[in-house]
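Take the sequences, apply the hints, and build the full model.
Residue numbers for the sequence shown follow the working numbering, so the first one is 1 and each next one is one higher.
Hint data in this document are derived by calculation from the structure and do not stem from the laboratory.
Do not take every clue at face value.
What the hints assert, rightly or not - Simulated crosslink set (DSS-like; lysine-lysine; CA at most 30 Å straight-line): (1) K140 - K218; (2) K119 - K229; (3) K299 - K274; (4) K119 - K44; (5) K187 - K58; (6) K125 - K111; (7) K218 - K299; (8) K271 - K289; (9) K140 - K202; (10) K42 - K145; (11) K140 - K70; (12) K42 - K140; (13) K164 - K274; (14) K187 - K229; (15) K202 - K289; (16) K77 - K42; (17) K218 - K202; (18) K70 - K111; (19) K42 - K119; (20) K299 - K187; (21) K58 - K140; (22) K202 - K271; (23) K125 - K44; (24) K229 - K202; (25) K140 - K125; (26) K58 - K164; (27) K229 - K289; (28) K164 - K187; (29) K77 - K35; (30) K119 - K134; (31) K271 - K134.
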Amino acid sequence: MKTRELIMFLAVLIFAACSTDEMEDYESLMEKSNKITFVTQKEKGESICLSLEAETSKQNAVWIDWNNNKREDVGEKFNETLFGQYTIFEVDAPEITIYGEVTALYIPRAKVERLEVSKNPALEKLYCSENNIKELDLSKNVNLKELDCSENSISSLELGNNLKLEQLSMGVNPIRSVDVSRNLILKRICVRGSQIENLNLKANVSLEELNCSDTNLKSLDVSRNISLKTIFCYGNHIQGENMTAFMNSLPQRCDITGFLYLTANKTPRGKTEKNVFTNGDINIGKNEKCWRVIVNFHKEL
1 MKTRELIMFL
11 AVLIFAACST
21 DEMEDYESLM
31 EKSNKITFVT
41 QKEKGESICL
51 SLEAETSKQN
61 AVWIDWNNNK
71 REDVGEKFNE
81 TLFGQYTIFE
91 VDAPEITIYG
101 EVTALYIPRA
111 KVERLEVSKN
121 PALEKLYCSE
131 NNIKELDLSK
141 NVNLKELDCS
151 ENSISSLELG
161 NNLKLEQLSM
171 GVNPIRSVDV
181 SRNLILKRIC
191 VRGSQIENLN
201 LKANVSLEEL
211 NCSDTNLKSL
221 DVSRNISLKT
231 IFCYGNHIQG
241 ENMTAFMNSL
251 PQRCDITGFL
261 YLTANKTPRG
271 KTEKNVFTNG
281 DINIGKNEKC
291 WRVIVNFHKE
301 L
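Shown next, in the form of structure tokens:
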């Protein structure tokens, strides 16, 4: 009898040990997997809206750990019919992790206060505007092409490793400077409503659209941006010689249409217009450089 009990006891121990090993192996596998983790300030039961994209061959491996138990439970697999469209989910835990090789994440207005994307190098598009994010580490996201982190609380942003970046929107953040000297194929930059004081665009020869409105710029040089077609620069502090220098730096647009939004009687964020131009400045921009110069959003000079 005692022998039988001993055998049963040993069997239980072996089973428990195997279960523990399996759990550790599973957790180790999850730790090494591609993943994006975010923390939301939304309460349990509130709704959250997001959209994901992934390559067709990778979609079956994508799931969301809504209850933060580090395991894929029933109902947590991301249905392949949902890719590419916004879907509403119910929050179960403040920390949420998306597993799988996700190439795009859209999660605006979700009360996100922390977002970690460094463990998913497959990410190509990140749209996380209108949240409460203070820091964003993109150093491992070398495939990133589009970024919109506008209207957050980000005070600095490093983009030196994001060489494939084509679109950057980081406006309405307390950022005073940004280095885009290594982002050579950028086509669109938006820093509107930020605290940017200096913007060096000499390396961005592919730039087509620039929105630096409502910032603290006192000068602007776009002489190297030969592909520029649209500039929003109202609500700044460009005056006198700096305004003349800016107008002279405009690339010629006599063969294609270029729009320059120069001043506004009232900016969207209520900022006082401090750009000052003369008739001579307008002559340079309009007649010599062939830009369509617009003030107050609709009046063409």
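Against the structure, the hints come out as follows:
1. K140 - K218: Distance ~34 Å between K140 and K218 Cα, so the pair is violated.
2. K119 - K229: violated (36 Å)
3. K299 - K274: holds (18 Å)
4. K119 - K44: holds (26 Å)
5. K187 - K58: holds (29 Å)
6. K125 - K111: The hint holds at about 19 Å.
7. K218 - K299: holds (23 Å)
8. K271 - K289: holds (28 Å)
9. K140 - K202: Roughly 25 Å between the alpha carbons, so the hint for K140 and K202 holds.
10. K42 - K145: holds (29 Å)
11. K140 - K70: holds (23 Å)
12. K42 - K140: holds (28 Å)
13. K164 - K274: violated (35 Å)
14. K187 - K229: Roughly 10 Å separates the two Cα atoms, so the pair holds.
15. K202 - K289: Status holds; Cα separation ~19 Å.
16. K77 - K42: holds (22 Å)
17. K218 - K202: holds (17 Å)
18. K70 - K111: Holds. K70 to K111 sits at ~22 Å (cutoff 30 Å).
19. K42 - K119: holds (24 Å)
20. K299 - K187: holds (26 Å)
21. K58 - K140: holds (20 Å)
22. K202 - K271: Holds, at about 28 Å.
23. K125 - K44: holds (28 Å)
24. K229 - K202: holds (16 Å)
25. K140 - K125: holds (14 Å)
26. K58 - K164: Holds, because 22 Å separates the two Cα atoms, which is no more than 30 Å.
27. K229 - K289: With a Cα-Cα distance of about 12 Å, the restraint between K229 and K289 holds, given a limit of 30 Å.
28. K164 - K187: Cα-Cα ~11 Å, so holds.
29. K77 - K35: Distance of about 14 Å is within 30 Å: holds.
30. K119 - K134: Within the cut-off at roughly 18 Å; holds.
31. K271 - K134: holds (24 Å)
Violation of the numbered hints given earlier is confined to hints 1, 2 and 13; the remaining hints are satisfied by the structure.
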